[in-house]
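K.L.:
Take a look at the letters that make up each chain.
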Amino acid sequence: MTVQPHLSRDAFPQRRIETRTRKYRGNLFVANAEQAFELDELGEFVFRLIDGRTSVREIGRKLAERYGGPIEEAVADTAALIEELVEHQVLQLRSDS
Amino acid sequence: MTLNALTDLDELVHHSALPPNPLAVFAVGSVARGWANSRSDYDLNIVSKRPWRGKIVRTLVVPLRTPSIPTLELVINGRRWELKYWTDSQVDEMMGKVTWDEFEEGSSSSKALVENEELFLERLTTCRPLSGDEWVETRRRELAATAFRAFVTTQSLAEADASIEDALGQVAAGDTASAVLSAHKALGHAVDALLESYGNYGSRTPKWRARRFQETAPHELTFEDYWHLETMRGYDPESPAGWVHQVVALCKQLALIVEIR
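Those protein sequences? They're chains A and B, same order as listed.
So for the first sequence, numbering that gives the first Met the number 0 puts the first residue at 0; every next one is plus one.
So for the second sequence, numbering that gives the first Met the number 0 puts the first residue at 0; every next one is plus one.
So here's chain A without its partners, still in its complex pose:
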């Protein structure tokens, strides 16, 4: 079951400048100042598309295109991940989004 997050699908996420990343033995880790998080393959795919210019909806669409499945579900999953990473101060939303 997909959780419906509160994040707007039209928001433009970007990586925080303080965010650190490491690619270790095939897995991507992202970290804020205090904590590191391991992303799975889909999470990594989403994270790499985050550039401050691509909306949550567009990232979700690309996720569905790459891995299959309904677009709305992929957009919701994308939004859930991005919301979580925003909460953990790995990502931020562009101020005009």
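Think of the hints as simulated: they come from the structure by calculation, not from any bench.
Backbone N, C-alpha and C define an ideal beta-carbon position, used for all residues, glycine too.
All clues given are correct.
Once the Cα atoms are required to be at most 25 Å apart in a straight line, the calculated PhoX-like pairs of lysine-lysine come out as:
no.: 1; chain 1: B; residue 1: K251; chain 2: A; residue 2: K61
no.: 2; chain 1: B; residue 1: K96; chain 2: A; residue 2: K22
no.: 3; chain 1: B; residue 1: K184; chain 2: B; residue 2: K251
no.: 4; chain 1: A; residue 1: K22; chain 2: B; residue 2: K110
no.: 5; chain 1: B; residue 1: K110; chain 2: B; residue 2: K83
no.: 6; chain 1: B; residue 1: K206; chain 2: B; residue 2: K110
no.: 7; chain 1: A; residue 1: K22; chain 2: B; residue 2: K251
no.: 8; chain 1: B; residue 1: K184; chain 2: A; residue 2: K22
no.: 9; chain 1: B; residue 1: K96; chain 2: B; residue 2: K83
A partial selection of chain A residues facing chain B, derived with a Cβ cut-off under 10 Å:
no.: 10; residue: R14
no.: 11; residue: I16
no.: 12; residue: E17
no.: 13; residue: T18
no.: 14; residue: T20
no.: 15; residue: R21
no.: 16; residue: Y23
no.: 17; residue: R24
no.: 18; residue: L27
no.: 19; residue: F46
no.: 20; residue: R47
With chain A's structure known, arrange chain B on it following the hints.
P.N.:
Only chain B this time, still in chain A's reference frame:
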């Protein structure tokens, strides 16, 4: 300079600089890598079972059970030779500091090796044996099975992160001149990490970074793009922060690409 194993070993014997039954004698540094010029030193590592008891000019201190590395300098035909005498057990001990267990336990965030230890291990991969080919080959295989590459790559990424943090803090404080220097330093570390992830080591000797880059030719970044930033061709004195942010963006991108393995 051209290596000649027999002649060079004869010179060492002639200068009473060779221990009895050395396990290996190998050239390291620029001469071994084919990058030497007429002013380059000739650096040699000599490994034996027992500690060197002959003449020395100074002793390097390393955090090993036998904590000293005797060194000797000679001038032969106008060229300076620097000899470092290691023991086989010291090499065992250094290998033991960079195991995957050590890496997984988290010592990757700190410096596992001091400079002379790291130089010894990294140079093992590119050395040219004058004697003891088999010993060198065995040690190379052992090193390849350790987490040495992961250690040095992680260390360079951490150095890059620290310099990025400095640069951004300095930009925020309006100290753009310092920020430019910090960003330049970050670039060096990030590129070192990229090259190290390919197994081309040398972050302790940044003067050879361009050579190492050309030798590695990583597909993630062209030499032209790297050199454009390294030589600051896009730097605008009217907007130093722009150059800093450009470098930071590349460093962040490299951190996403570089695989620690």
